[in-house]
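All chains, please: the whole structure from these sequences, using the hints.
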Amino acid sequence: MLADLLSLAQGGAEFVGGFLWMFGGTAGSVAASPATGGASTAAIPAINASGLALSGHGAGVLTSAFGNLHNGKYQGNSNAITNMKEFFETEFGSSIKNKVSKTKKKL
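Just so you know, the sequence shown maps onto residues 1 to 107 in my numbering.
Take these hints with a grain of salt, some might be off.
Stated by the list, open to error - DSSO-like cross-link-like pairs, simulated, lysine-lysine; straight-line CA separation at most 30 Å: (1) Lys85 - Lys99; (2) Lys85 - Lys105; (3) Lys85 - Lys97; (4) Lys85 - Lys102; (5) Lys85 - Lys104.
None of these hints come from the bench; they were simulated from the model.
Structure follows, in structure tokens:
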């Protein structure tokens, strides 16, 4: 569970960081344009592509972490049932007790 919570933080940082990378890189390239004779603007597509890739990875990490947290795999372990009498005393077992019958068939 801790790993998924940390993944939420990492995914959020990557997602936001990728967009900040695109914004900052584009703004910096445009601002440096007069000093570089416009050559710095040639880097804008590469900056945007790398920022988009970073944001996309962050979105994937977020989706995976949310999925893991919501699929119920972190529910507490239930005790093993060692015999059928114990099984039919459980909530689920008592609900199907009169709907099943014993057979000698082995699966």
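Hints violated by the structure (listed by number, smallest first)
The structure breaks none of the hints.
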